Amino acid sequence: MISHHEREIAELSVDRKLIVEYLKAAMESLDNSDDRAAEHPELRKRRT
Numbered sequence: 030m031i032s033h034h035e036r037e038i039a040e041l042s043v044d045r046k047l048i049v050e051y052l053k054a055a056m057e058s059l060d061n062s063d064d065r066a067a068e069h070p071e072l073r074k075r076r077t
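Heads up, the sequence shown is in this note's numbering, so the first residue is 30 and it goes up one at a time.
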């Protein structure tokens, strides 16, 4: 069985435009304090 994370990586690795849009959405999410619960745990560690 493939994990959600592995599936995301596979999809992103074949579509450069999708990668760009994914990263833009992630950066916008980090700017939104109401949406930080979705922040990647590793990024959260680096903020503190």
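Please keep in mind that the hints were generated in silico from the structure rather than gathered at the bench. All figures in this text were calculated on a predicted structure; none of them were measured in a lab. It is possible that part of the hints are untrue.
Simulated restraints, written as ranges between beta carbons of each label pair [to be verified]:
no.	residue 1	residue 2	range
1	Ala54	Ser32	15 to 23 Å
2	Met30	Asp60	20 to 28 Å
3	Asn61	Met30	31 to 39 Å
Don't be surprised by glycine CBs; every beta carbon is placed ideally from N, CA and C.
Each hint tested on the structure:
| no. | hint | verdict |
| --- | --- | --- |
| 1 | Ala54 x Ser32: 15 to 23 Å | 20 Å, holds |
| 2 | Met30 x Asp60: 20 to 28 Å | 34 Å, violated |
| 3 | Asn61 x Met30: 31 to 39 Å | 33 Å, holds |
When the structure is compared with the earlier hints, a violation turns up for hint 2 alone.
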